[in-house]
Amino acid sequence: MPGTVQAIERAAAILRTLAGGPGRLGLSEIARTLDLAKGTTHGILRTLQLVGFVEQDRVSGQYQLGGALLHLGTSFLDINELRSRSINWADPLAARSGESVRIGTVLEGRVLVVHHVFRPDDTFQTLDVGALLPLHATALGKVLLAYRAGGPVPELERFTRLTLTDPRALSGALEGVREAGWAAEIEEFLLGQAAVAAPIRGYGGLVVGAIGVSGPVDRLCDSHYRPRPSLVGYVRDAARAISRDLGATR
Amino acid sequence: MSEKYVVAIDQGTTSTRCIVFDRRGQLVSLAQQEHKQHFPRPGWVEHDAMEIWRNVERLAPRVLSRAGIGLGQVAAVGIANQRETTVIWDRRTGVPVGRAIIWQDTRTDALVHALGDARDAGAVSDISGLPLATYFSGPRLRWMLDHTPGLRARAERGEVICGTMETWLIWNLTGRAQHVTDVTNASRTMLLDVRALDWSARALDFFGIPRAMLPEVRASIGAFGTATEGFPGVRIGAALGDQQAALFGQTCFTPGEAKCTYGTGSFLLLNTGAELVRSEHGLLSTVAYQIEGEPAAYALEGSIAITGSLVQWFRDQLELISSAPEIETLARTVADNGGCYIVPAFSGLYAPYWRSEARGVIVGLTSYITKGHLARAVLEATAWQTREVVDAMNTDSGLTLTTLKVDGGMTADHLLMQMITDVLDVPVVRPLAAETVSLGAAYAAGLAVGYWPDLDGLRRNWHTAAQWMPAMDPRLRTTEYANWRRAVERTFDWIQPA
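Protein chains in written order, with our numbering: chain C, 214 to 463; chain Z, 232 to 729.
Treat the hints as calculated values from the structure; they're not laboratory data.
All C-beta atoms, glycine included, are put in the ideal place defined by N, C-alpha and C.
Take the hints with a grain of salt, since some may be wrong.
Unchecked claim - With a Cα cut of at most 25 angstroms, we get these calculated DMTMM-like pairs of lysine to aspartate or glutamate:
#, chain 1, residue 1, chain 2, residue 2
1, Z, Lys-267, C, Asp-458
2, Z, Lys-235, Z, Glu-460
3, Z, Lys-267, C, Asp-270
Unchecked claim - Label pairs and their in silico Cβ distance ranges:
#, chain 1, residue 1, chain 2, residue 2, range
4, Z, Gly-299, C, Arg-361, 32 to 40 angstroms
5, C, Gln-277, Z, Arg-272, 27 to 35 angstroms
6, Z, Met-703, C, Gly-252, 54 to 62 angstroms
7, Z, Arg-255, C, Asp-431, 46 to 54 angstroms
8, C, Gly-256, Z, Gly-329, 32 to 40 angstroms
Use the sequences and the hints to build the structure in full.
Structural data, given as structure tokens:
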């Protein structure tokens with residue numbers, strides 16, 4: 214049996230202490246209750262605060278359970294916050310790729326578009342923030358599915374001849390996405406259209422969204438009907454830059 | 232040959248940022264450091280100029296290493312800075328005399344009132360293109376000279392010198408070789424003859440400022456020397472006030488083009504070309520930019536004191552949201568404002584009212600109102616304040632705004648952008664570079680050293696990243712605007728003369 218991680222045990226004990234306490238508790242009280250060194254306790258509290266499990270009162274400096282604990286089952290990153298934190302990296306991706314950029318998260322078994330940057334050619338385009346896309350037939354959706362633990366498997370509706378509608382084929386494709394670190398969509402949702410997407414990660418490596426470019430197959434793909442490697446590189450760079458800003462790797 | 236880049240230093244109110252841009256005007260890397268805000272008394276706001284300079288020294292190597300480039304690959308550095316923030320320092324030791332007094336500081340209120348009654352007040356307003364207000368640097372310098380024993384004599388002997396933040400940074404970047412400012416920053420002091428583009432003897436006399444302490448005024452785009460610190464060996468090609476930099480970054484080079492930057496406060500600037508337009512409706516006449524050897528381009532400016540900072544107040548003081556973008560999430564929990572309006576006259580109202588005695592109000596409160604309605608009212612306050620400035624601008628310039636180019640952090644808020652297009656009844660467009668302040672500084676610096684050939688070359692880099700179209704019932708727009716104006720009237724005359 215593998216050994217246990219002491220820091221996690223201590224973190225759990227701190228959370229139980231806060232949950233069982235009369236309200237807010239000070240650092241010394243927590244350290245005393247658990248017979249831990251103050252420095253150790255402080256380090257764990259700060260980490261718990263960073264992930265939103267613990268909150269510190271600005272005036273008294275005392276600690277209490279954080280709001281994120283109450284919403285463990287739902288998305289922890291506000292979609293408007295995700296857009297706000299991505300905007301500086303989505304723009305250069307559109308400029309470098311010459312294609313439109315979308316960022317998506319999961320909402321009730323579909324991809325919710327939370328950010329959209331126009332293709333930089335100054336043609337008339339309309340914002341489709343708020344639009345819902347199928348998870349299994351889009352690059353954004355396949356990234357989100359690939360990194361989602363469990364959850365209901367969506368109904369695999371057919372959009373084109375190439376849409377993955379066989380659960381086993383889809384699960385094989387998702388395994389490929391996890392191995393490669395990015396997903397492609399080639400005429401699986403719309404004829405003549407292709408897309409490339411990569412995961413956006415938050416703290417601890419948790420996937421909080423996907424960013425991708427989409428456009429005509431003949432622009433996005435090479436002569437082998439595969440996404441151009443340079444394009445994949447741009448998408449993955451942008452995803453990594455946003456992830457870094459969200460605290461994925463410190 | 233290795234690829235070259237341009238670096239922008241954006242010395243802002245809450246933080247300093249260094250950004251590396253490529254030839255397409257796209258962000259390559261960014262490094263940012265916040266600095267401490269000092270509030271020694273109500274209405275007083277100060278920065279430690281030395282802390283800000285040390286931040287620049289720290290950020291310089293960081294932003295280059297994040298871009299994976301060396302100093303040799305930097306074609307030029309450009310500066311955009313918070314405007315009107317003023318510091319005095321010892322020419323010999325380089326140590327500031329006290330902290331920098333920032334643009335939000337209202338300590339010169341009484342002084343400005345007294346000066347308003349003095350002879351020449353009208354003439355100085357006309358010479359500088361600005362109304363007499365605590366917002367500008369001139370009164371601030373006078374206050375420092377009045378309140379620091381012995382300082383005036385030292386200033387007259389040239390032992391202490393002064394400047395706005397770009398002057399302070401260039402002086403430090405060039406190893407204390409250059410004591411210079413640019414025309415856009417100088418045009419915010421009330422000391423500049425905004426037509427002749429040099430210090431006005433009459434204005435200096437009016438405020439009692441010794442000329443010996445002032446920096447030399449230069450064109451915004453030209454030569455500010457070569458850095459020996461921070462970015463050693465790199466030419467400093469440009470300096471612009473942050474809002475003028477944003478106008479430049481949005482490539483508003485033609486008269487009639489306008490942009491609004493939504494940040495802590497919001498600033499709508501309209502290029503009026505070689506002609507200086509005097510406003511009848513509380514707008515400022517300011518210099519947009521000047522390329523060395525060419526006539527200056529002017530702008531009309533509508534300044535709104537509190538927009539993003541209202542969201543910060545909602546987050547930090549009311550604690551109703553935990554991050555600024557969540558205001559949109561909260562506001563979308565309701566369909567309208569429920570009859571509630573917030574007018575954020577926290578330190579009076581700027582354009583088009585310029586009423587320093589006004590204070591903020593929340594009106595229309597009933598037991599029906601939820602925090603969602605308040606969140607809506609917060610965002611609507613920014614939209615309606617924009618409308619008031621656009622109305623004033625249309626009247627003063629005789630031009631009618633057909634599209635509003637927007638930038639700044641708040642453009643990530645789609646609900647707000649839709650509100651703005653709805654209340655203005657014109658399309659709102661965001662360019663493919665939200666960081667237009669830094670981009671403008673980079674463009675200007677790159678232009679100065681020939682990294683970009685001309686203004687047309689820059690214009691070709693501008694692309695639409697997003698566009699919002701008006702979709703509001705005109706009758707609703709009319710009634711809501713009337714409600715907003717009634718709310719504004721309720722802020723007037725709150726502070727009574729002592």
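Hint check:
{"no.": "1", "hint": "Z:Lys-267 x C:Asp-458", "verdict": "holds (22 angstroms)"}
{"no.": "2", "hint": "Z:Lys-235 x Z:Glu-460", "verdict": "holds (20 angstroms)"}
{"no.": "3", "hint": "Z:Lys-267 x C:Asp-270", "verdict": "holds (21 angstroms)"}
{"no.": "4", "hint": "Z:Gly-299 x C:Arg-361: 32 to 40 angstroms", "verdict": "holds (34 angstroms)"}
{"no.": "5", "hint": "C:Gln-277 x Z:Arg-272: 27 to 35 angstroms", "verdict": "holds (33 angstroms)"}
{"no.": "6", "hint": "Z:Met-703 x C:Gly-252: 54 to 62 angstroms", "verdict": "holds (57 angstroms)"}
{"no.": "7", "hint": "Z:Arg-255 x C:Asp-431: 46 to 54 angstroms", "verdict": "violated (23 angstroms)"}
{"no.": "8", "hint": "C:Gly-256 x Z:Gly-329: 32 to 40 angstroms", "verdict": "holds (39 angstroms)"}
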